[in-house]
Amino acid sequence: MTPPPNTSTFGLSPGTLVYVGPEVAKDTTLKIVKYNEQYHEQHTIKQIKDCQISGDKPYISWLDVDGIHESGVIEAVGQLHNIHPLLLEDIMNTRQKPKIEFFNETYVFVSLKMLYWHDEMGEIEAEHVSFLLGSNYLISFQEKRTGDIFGPVLDRIKASVGKTRRNGADYLLFSLIDLIVDNYLEILERMSEELEELEGLILAGKHKDPISELYNLKRQLTLMRKYVLPLRDMLSQGLRENSKLIGKSTFPYFRDVHDHVINAIETIDSNRELLTGLIDIHYSTLSSRMNTVMKTLTIYSAVFMPLTFIVGIYGMNFDNMPELRQPNGYFYTLAGMAVLAGGLLIYFRRRGWM
Amino acid sequence: MTPPPNTSTFGLSPGTLVYVGPEVAKDTTLKIVKYNEQYHEQHTIKQIKDCQISGDKPYISWLDVDGIHESGVIEAVGQLHNIHPLLLEDIMNTRQKPKIEFFNETYVFVSLKMLYWHDEMGEIEAEHVSFLLGSNYLISFQEKRTGDIFGPVLDRIKASVGKTRRNGADYLLFSLIDLIVDNYLEILERMSEELEELEGLILAGKHKDPISELYNLKRQLTLMRKYVLPLRDMLSQGLRENSKLIGKSTFPYFRDVHDHVINAIETIDSNRELLTGLIDIHYSTLSSRMNTVMKTLTIYSAVFMPLTFIVGIYGMNFDNMPELRQPNGYFYTLAGMAVLAGGLLIYFRRRGWM
Amino acid sequence: MTPPPNTSTFGLSPGTLVYVGPEVAKDTTLKIVKYNEQYHEQHTIKQIKDCQISGDKPYISWLDVDGIHESGVIEAVGQLHNIHPLLLEDIMNTRQKPKIEFFNETYVFVSLKMLYWHDEMGEIEAEHVSFLLGSNYLISFQEKRTGDIFGPVLDRIKASVGKTRRNGADYLLFSLIDLIVDNYLEILERMSEELEELEGLILAGKHKDPISELYNLKRQLTLMRKYVLPLRDMLSQGLRENSKLIGKSTFPYFRDVHDHVINAIETIDSNRELLTGLIDIHYSTLSSRMNTVMKTLTIYSAVFMPLTFIVGIYGMNFDNMPELRQPNGYFYTLAGMAVLAGGLLIYFRRRGWM
Amino acid sequence: MTPPPNTSTFGLSPGTLVYVGPEVAKDTTLKIVKYNEQYHEQHTIKQIKDCQISGDKPYISWLDVDGIHESGVIEAVGQLHNIHPLLLEDIMNTRQKPKIEFFNETYVFVSLKMLYWHDEMGEIEAEHVSFLLGSNYLISFQEKRTGDIFGPVLDRIKASVGKTRRNGADYLLFSLIDLIVDNYLEILERMSEELEELEGLILAGKHKDPISELYNLKRQLTLMRKYVLPLRDMLSQGLRENSKLIGKSTFPYFRDVHDHVINAIETIDSNRELLTGLIDIHYSTLSSRMNTVMKTLTIYSAVFMPLTFIVGIYGMNFDNMPELRQPNGYFYTLAGMAVLAGGLLIYFRRRGWM
Amino acid sequence: MTPPPNTSTFGLSPGTLVYVGPEVAKDTTLKIVKYNEQYHEQHTIKQIKDCQISGDKPYISWLDVDGIHESGVIEAVGQLHNIHPLLLEDIMNTRQKPKIEFFNETYVFVSLKMLYWHDEMGEIEAEHVSFLLGSNYLISFQEKRTGDIFGPVLDRIKASVGKTRRNGADYLLFSLIDLIVDNYLEILERMSEELEELEGLILAGKHKDPISELYNLKRQLTLMRKYVLPLRDMLSQGLRENSKLIGKSTFPYFRDVHDHVINAIETIDSNRELLTGLIDIHYSTLSSRMNTVMKTLTIYSAVFMPLTFIVGIYGMNFDNMPELRQPNGYFYTLAGMAVLAGGLLIYFRRRGWM
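Protein chains in written order, with our numbering: chain A, 68 to 421; chain B, 68 to 421; chain C, 68 to 421; chain D, 68 to 421; chain E, 68 to 421.
Read the hints as simulated data drawn from the structure, not as lab findings.
All clues stand as given, with none of them false.
Intra- or inter-copy, both count: the list cannot distinguish identical chains.
Only pairs whose alpha carbons sit at most 30 Å apart, straight line, appear in this in silico BS3-like list of lysine-lysine: (1) K166 <-> K293; (2) K98 <-> K166; (3) K230 <-> K101; (4) K311 <-> K166.
Model the full assembly from the supplied sequences, consistent with the hints where possible.
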């Protein structure tokens, strides 16, 4: 929920490039992919100046910048492709929330989050991803932390399967967003399973203290919602805006992702509701157990207090206590106490306490 | 709440047909119905290629695909009728939420959920249903699990009763949706009855632990809401959109279904509110019982603790205890204790604890 | 909250007339009222065919159908006045929520609920009322259960007082709706009074178990809200729609009813909020009473447990217990215990437990 | 929250003038003020017919009707100034919620509430105030209960200070509304102070039972919100509507009042939230006190129960109990009990219960 | 939450200048900065009449008024620059919520809050800041309490770094707003850290009474939300409005601040949700501790009550008690009690109470 610790940006001139995410030791990797239906080429770039791509080519160019922690690299890429300084700031700012921005017909800027689910910690980790879609090219930026997240699409292009090779840069953008959104659904699936397991334990009253676990799940869902929700508006804005950069033929695909996003949001919301319900059930279980405990205590006290009082009476040392002198006094007393105890137990059973 | 376990679709090319619902052993059944006011014909299809229907006939054609788990069959039906691959994905995706889509004037795609109420488990089961309405024909897709859900409409067409035979394919679509929505109201009726029964038990304080039952009902209502809510927007969008495929004369009928859907949503919402109220009442009952238990315990203790102390005093073995030597000491002590107990009981009654 | 038990309508052809409300033994009564500023006539109809009224008369015609449980009668009235079959279904469907519908310039359909407050049961009963406003006539439908609810307006027309006689059929419709809405405010008034009474008892801590009463009131308010809320949109839609059937001169009157409806909704909402507050107060009272009970128990135990222990010590039968042999041992022990008890009481008073 | 007891208006013809507020013994006072930059005149009217004012004068005319309980007076004023009967009903109806209505270019009707804060009862009292703004004149109606609320504006006009004398009737209306809204802020100030005091007591745990006080404050805030909220829409509607009666130059002033109203609403809402927080804190305090009480009780019991049991053992009268015969048995027993008690106390301290 | 104590403004003529903030001892400081790309000048003003700046100069003029508690100074500045009296009221009114107002093409008025976080008190302090943007000049007003908040921007202009020197007065305005909004994010960062610390303590069950701390944090967040929320609408209104005073080239910058504001609001909201969750966890911890306490008490009682009763029996003084005479009666009794105690402990362990 709380953003990662950061270098303060207070008082800096706006547009100053500062990386605020967790520290990264590795260098930035730049990869260029060029393809059309017939042609395919893919290579890693050594010198930043070689990374320039443009849209006036007979193939689709895709520049993948893997690592956003080196401001020098980002700045250079930005200058070569004429990117607005504030956009560069957004690309490096890992705390930037998902958004879409249209810059006339020159390019479309899209930024969102790739999510990872760490099973052992039960935590979601977010990686900041940005796209710049030009007329015939795409530039993607990702954090260099968990390996290349665009692997499956790269493989698809290389293997020449799927529709990616036959379609434009907008379809490539769709494929990458689709990959990320499908991953949301995967994560939600796993959280749902964990939730269902917890639910079983709680309903069976077998989980002693599920609150902190429920609380963590709720927190992760809240975090996830924060990342997923803006995507809904982002995508519908993308469909509304009549940019030439996103062709009409890719519209059904974007609508499809939009549907998946809505699905994800609904699953998040229903899971959150489920969590609230489970918390209620847990409290109810606690309360009714307390009730049982208290009833047990009360019945014990109600039965033994009078008995102990009676034996106390006959333990007194008065000189003149006629009962003590009767031959069967002791046995009558024992019998009387048995009758009293029995009567009390019957009474409590009738009141429904036992 | 949680979707059924599924084959992962992560990393697959979009538009790849994957069935994600529960496993089904039976084969897909294809049925064709052709009718107009005078004419009626109905037969099951053996070979997929015979299932092609079209709108340029003097009768209404209805192709009912019973089973959506065989991607081969769905793909073949799709190719024969020129259906967009993404729609085929939606038809097979049992997790797809209800939606309507207009494809120019060629066809209208509608997808929703048929619901079943399992009394013994107190659970709702959803079956994914899709429709493709063309100018003079309708294709319906349903999961092959619980038998043909369109029975009553088939019977009506066969028996030549009702308005179905006199009207177009849009009226047929309405009849089928109406059937599904009427069923929602039936289910809600049953849930309301169950709720009312629970309510009686809870208000009478006779239900020991109603929380998990209430929780399950709430969950089923949440689930149902998720399926029913999108229908409202879907139907109003259907009425707004000026498609030639849905004639003006069927508008009042669609408005009627729309009304029923709103009615269903309101019943769901008021039942949910009722449930929340019942949970509150249950807690209140728990609390006030706890209060009674605690009061009983306290009164017992308050009465017997001083008495036991007094008898303890006279059970001491000091050599010099003048009271013990008095002939009536024992009787005075008993009397004193009776007065003390009586006084305490009067005091507690005055404080309203008894 | 739950609709009354009903004959199932599942699988029936849409537009089939089925009465779903509580059983009614009486016959339907049909009454015709004709009036203008000079003229007035009022009579009950024996044969259904005589009930036809039309708008091309120099007077206002009002047909009041008292009883909607006989589908034959409703169907006949419908045929004579050319009413759409779905509207007839709505007229008979006592579960239909309030709505307005404009059928070109032919007629306006309005349906709402007359409410009754049963003091002894603390329950609201709803009667389904529908209106059909034509250019110069009005047809009203009501359930035959609690007598003619339009009495006051009928009397006003007969007595030639008020503006009703000088105005058109739209003003008549307004008068009848106004009558129904005024009744809502009456009922709310009574509920408010009951609530205020309950509030007094709860704040004074005199009501042992107000939860089920509060719960019932909340339920009735929820029910009422369900009936009243749609009226707001209904009336504003009626004012927006530019129908010739509702004259501009009656607009201020309809706006006035609209205001009353909003007033009713606000009163419902603030009463509901009040109820929630009272439930909280009740719980708080329960909690703080529990606190008092527990403190009493704890103080008793804290005082008497050490004392009982001490007297137990001197009740032991060891041969060598020097204290027991001292002449004043008993009195010193008594004094010591008095000091201990006093000290404990002072301590608890300082801690604020007494 | 609940409206004052009233004469029922059920079944009456709409537009019938009925006063529903608390009973008033005093007569209505009618006051006329005429002024422009040079001229000023102010006098009380004896006969109703003299109260007629109009806009075609070289000065601003203001008729202040102090008292709305005499339907005869209101009706006469209404007839002299051509006011719609439904408006007269609204003027007299103390339960009418704030609203604005434009009657072409003839007049603007504004109704709102003057609020009073009764410190001793902690209650808000509302007085119904209405205005009728014509082209060059203003008629104001107020309840005759707590003295003339327009005093400060009257004084300002008389003293020839401020902008009121230089401006039109619309500025006069603004001044009067501003007066009323400023008073809202005053009341909120006082409530805030009271709340802050309560907060201090609750946080310090010094208030035994703050719930009913918090509840009352919440209720008053809810009540106030009901009166203030409609003003926001009312004023923005007044600014939107392009009436000639409200000049463009007074727009900044009305926007200013609008700002104050929003400020008041926000203060109400944040105070309500604060109240909810305080209720939570109070419950938390109750709970943790209960915890302390229970721990005390448990520690007492845990320590003294075993001790009392031990002394009980040696109080038994068996013939053969070797310990009793040992010379130091008593002292060993005392020492053993001290060790046991000490051990238990150390154990409970380690568990954090002490 | 509650506004600072103030001089009442009730009954005053609108536009009367009253300072309502905390008392300030220092004099107002007036500073003028003039700059363009080549030129830079900065000096403090002695006499108010020298403070007049205007837009028809070849450089940007910025007048910074440090101190808003002297109505004379504000009035003089207002007259020299032709500012509407109501705006002057807003400038001095520290309770004024953030807003933007466009006065044709003459000037834009912006008012917002600079926030300070007092670590030791855990409280937010707000300083009222207003801006008046003309075509080529800017006037800023700030409270003279905590030193000049515009320091970093002043330094940037002096040092000739950043884009401020190359851009117009609108960019200067943006820089100052950006400074204030960046500070919001700083404060939120610190609150998040504190929250995370609290969270750790609560989840570990180490914080005894975190409620008042959580409550204070929630209150500060509510307060902050009140100050930050209006900025969102304010900035989007500023972007919507097509004022010549704010150039198209500064739009991306303002959109950027807008993004930061939304980010701040979302962090506030998610922190508030987190707080609610922590409160729940705290209650749950309290409840389950209570449960443990009660179980301990009950087990103690359940074990020792029967034992004490048994020893009480053999402490009775009846003449005829055969058991007492048996040589091994004492040892049999001890053994029996050990068996009973063991059995009870096993029983409670089986029930899961130990």
